[in-house]
Amino acid sequence: MLSTLGYASAVGALLGAAIMTIAGFRAGLSRGGDEFTATIARRAAYFAFFAMTAGMLAMEVALLTHDFSVDYVARVGSIETPTYYTAISLWSSLDGSILFWGWILAGYGALFAFTRRREWNGPEARTRAPDGRIAAGLRMTPVVTAVIGTVGLFFFGLLVGPSNPFGLIDPAPANGPGPNPLLQNHPLMGLHPPMLYFGFVGMTVPFAFAIAGLLIGNVEARWLRDARRWTIGAWAFLTMGIIGGGWWSYEVLGWGGAWAWDPVENASFLPWLTATAFLHSAMVQERRGMLKTWNLTLMISTFLLVLFGTFLTRSGIIDSVHAFADGPIGPIFFGYIAFVLIVSMVLIGWRANRLHAPGQIEAAASRESAFIVNNLLLVGFTFTVLLGTLFPLIVEAVRGDRISVGAPYFDMVATPIGLALLFLMGIGPALPWRRASGEKIKKAFLVATGIGVAAGVAAFLLGIRQFYPIVTIAAAAFVMTTIVEEFAKGVRARRRIAGRSVGGALVDLFTRNGRRYGGYVVHVGVVVIALAISVSWTWKFEREGTLRDGQRMAIGDYEIEFVDVWATQEAQRVVIGSTVNAYRNGRPLGEMRPRMNIYPSNPQPIATPAVKSSLTSDLYLTLMAFDEAEGSHATIRAIVNPGIVWLWIGGLIMGLGSLISIWPRGVGRSRSAGEALLADTAAAVTSTGPATESEAADEPEPAGVGT
Amino acid sequence: MNRVLRWLVPLVAIAVLGLLGFGLTRSPQFLPSALIEQPAPEFQLARLSEPSDSIALAELRGRVVVLNYWASWCFPCIQEHPYLELLDETYDHEDVQLIGMLYQDTPENGRAFMRQYGGEWPTLVDPMSETANPDGVYGPPETFIVSPDGVIAYKQLGPLSPRTFPIVKGKIDSLLALRDDAPQPLETAPPETGS
Amino acid sequence: MTPARRSPRRSPWIAAGALGLLSVVGAAHLDAQQTYFGGGSSAVTAADSARDAELDAMTAEIASRFRCLVCRGQSVQESSSQLAREMQALIREKLGAGETPEEIEAFFIASYGDFILLKPRAQGIGLLVYALPIAMFGIAFLAALVKIRSGRTEPAVAGAGGADADRITMQSDLSEDDQSWIEAAIREEV
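Residue numbers (my numbering), protein chains in the order written: chain A, 1 to 707; chain B, 1001 to 1195; chain C, 2001 to 2190.
Here chain A stands alone, though its shape is the one from the complex (with noise of 0.2 Å):
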């Protein structure tokens, strides 16, 4: 019964996604076009969207009741399995991750759909451009539901065709073997992969904006500002994904670090590199009207890289933690690149001339010539990135050997490009447009320069001796002058404008110019990030010894003690794990119980540190070995981690940033006069636009899906 609701719902999906395309097409591109035919696609969108929650629901109910006739909840589904992972075990498989991926899609399509499901109802909508076709400013809408409906075309088929979650079994199996142990170990499963999932599908709404934009030859300001937030919603998601990663990873692998630089996590990091440039140079659009077919690149090469690392996820090519087993599913995926991608080109290619701007950057020292550095240092970026995951493929190719590509390259590669992008986050904000004087160079940089330098030669003082710590102390100290220097200009002119005092002037910056601001924030969160890492990476130490009986082991500050070693049978697993006593500095921190998982599928055991967490620092004990006759002794590894919680806090920073970045403004808004001459002034420059009502206002935000 629920194998042929969910079928019926996808193949339903798969319906509503065709009416997408047609009657957006339609709606959009042709003559044919009209308020009845957009309405059509909006209503299909819906529809997509209500058919693939109810295909979603009845997976969780056969998961949670553990129809065991359902071909992928017999894959994954275990009765002993506790209820929490069985409901996140969606996504735990290659044919359940692609149902929640062509829910988020869905719900993606409907909500945009939804926010602009008003631009109808002016008298625009009844008004037609000399070519018979509805009014340009009405065009976008329709044609990007379009877009978005072919790629729930190829998403919603697999789940159709080669990927049915579905599918019956006969008879049907007692139990199933359960998840993936390293996807039932953690409750950051339950937020880790929906977060990275809404930030890699999201980027299919600025994808369809780029290929809607090349079709309709239009990307003016409606139109980047739109495809701008839209991004900066699906970036947040990523990032927090991405960070979240981190944790779990930290928390559940046991080896001390956070990011490994495996291939799947470089797959989920290139997009977001790419993403990234995009929402920096769509200013460089949006002021100077320049670098327009760059930014239409970014926006389809950041969907081709979330396609390109989830075809590395499911094809199997590469071997990765996240790996899931290889299926048919590799061709097609592979095939839908290379469709998206010539038919992007082709589109490109085609618009090429239409998009040429006349623009000129007039100096070096200009906040535009900031962010083409700033862009061509994420793009080299994803590049080196891109090769060091696919170099092993080369030499395979070449010379039919294999080799690794791994950390300690990364690492080399990718620090001094890191310690580049923060210097620039501290120079880019402070330039003006156009041309710098040396006189307004000096006055920006002045005192900033001054705090990193005194920032560096403190660290040196401090004992530091490495090079790139140092140089990441100063830098963020750099950067953060220039940040709250922004906020103190933001401050005092709202103070002279509107009269307001300090703290509800700093609530204006946020409530009235928040993308501005937040992207600040968004550069707080950035450098505390990079703090945490370098400091985490210069102080972080490790030891390891056999303790027994009351033996006690000291690493820095923390000191542990040996109590017991214990196993228990859990209800899929054997759990082995030892009690030791932890103190700092002699006060007492409570127990810890490193724990290693023995599943019965599974040849490794699965190790679970256990972590103490403060603010200035970790202490994470591994279980390396255990004495099995009498329980008498454990090998364990401690280790110091300074300041890694500031990775999270930074990872929250950022998306926080973002929120304000995106939060619907404009209501109910008072007015001074400081406030008229400013609206006068825009009102000035609104009008060139092919504005058509002020949405802001009622606008939901992408952001708003997750919460």
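Just so you know, these hints were derived from the structure itself, not from any lab. Take the hints with a grain of salt, since some may be wrong.
Below, simulated DSBU-like cross-link-like pairs (lysine-lysine); rule was C-alpha separation at most 30 Å, straight line [what the hints assert, rightly or not]:
hint, chain 1, residue 1, chain 2, residue 2
1, A, 612, A, 540
2, A, 489, A, 442
3, A, 540, C, 2094
4, C, 2119, B, 1155
5, A, 443, C, 2147
6, C, 2119, C, 2094
7, C, 2119, A, 540
8, B, 1155, C, 2094
9, B, 1171, B, 1155
10, C, 2147, A, 442
11, C, 2147, A, 440
12, A, 440, A, 489
13, A, 489, A, 443
Here the structure of chain A is known, so what remains is to put chains B and C in place on it, guided by the hints.
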């Protein structure tokens, strides 16, 4: 940003696409050993069934030696066991010697495994992986084919199976044929072809 | 260096645990596992002398260059798997016997191939993984430079399209702070 970059991105994209296409044609589990065409590391190890007795690789010169690394905790080793038996029966003559190498396991567990699944060929105990490490073994089952002059001719990573058995057999046959073509022919059964 | 592995005497609590795993294969397999990873090696136990500490540090440094072949994505240094721990013991033993890190690296490459190195050697085709990023950055940097320079020689052209706030003549009596505020405000509130 300008003409060069405009071409660079699509070029890189197409190169990546080509690479992915290539990637689809092979398996990430495939890992050629660095030891192919290298002399096999010598060993002298105790037998599992009679610990007082030992076998050295050097004693087996002139014969094709098949070294099969296995462990009782290794699930695929159970699946491949019938193929090892088949191999042992196929070359039931002096020219091919199958030797099991117990990897990261206790002799007790090894003996229990052999009792349960059978098999007449000798297994050697390599308690500290002193042979396995120079042999580059990391995930049993792994099967090495050592030529009559003590050179590693082939390495099969993963179990013998309907797919891999003919490959291994073909390799052994070609080594036998090669040896028989050598100046001093020995009187042996003709190498079988096909399977 | 490493004590001989103990015989697998199963204590009752492990036996009780293992019983829960119903399949014969699973139980046999689990039993063997506990035995083999239970026999911890002494190679990396707490150092009690300066020499030991130095050996530990060198072992860790060398082990972090190698890929743990059974764990995917971890180095030999980080992994707690049996294979990695045997390799660590081997590295330490070789160091103790006076071998240089280069010799040890060569030994592992000879056994496991270049695959074991986490950072490819910069020779032959391996050079590409270092040279291509540099080349790519070089090209992109030159391209950006050309773009910026070409702009410098020509007179400024007003930006096409978009809300170009710079086209608006600001009232000259505004302070720079106010001007930047207005610029920002216009940009946001369009």
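Verification of the hints:
1. A:612 - A:540: holds (15 Å)
2. A:489 - A:442: holds (16 Å)
3. A:540 - C:2094: Holds, at about 27 Å.
4. C:2119 - B:1155: holds (25 Å)
5. A:443 - C:2147: It holds: about 27 Å lies between the C-alpha atoms, which stays within 30 Å.
6. C:2119 - C:2094: With Cα atoms ~22 Å apart, residue 2119 of chain C and residue 2094 of chain C stay inside 30 Å; holds.
7. C:2119 - A:540: holds (22 Å)
8. B:1155 - C:2094: Measuring from Cα to Cα gives roughly 27 Å; hence the hint holds.
9. B:1171 - B:1155: Holds. Residue 1171 of chain B to residue 1155 of chain B sits at ~10 Å (cutoff 30 Å).
10. C:2147 - A:442: Satisfied, since the Cα-Cα distance of roughly 25 Å is no more than 30 Å.
11. C:2147 - A:440: holds (23 Å)
12. A:440 - A:489: holds (14 Å)
13. A:489 - A:443: Holds, at roughly 13 Å.
In terms of the numbered hints stated before, the structure departs from none.
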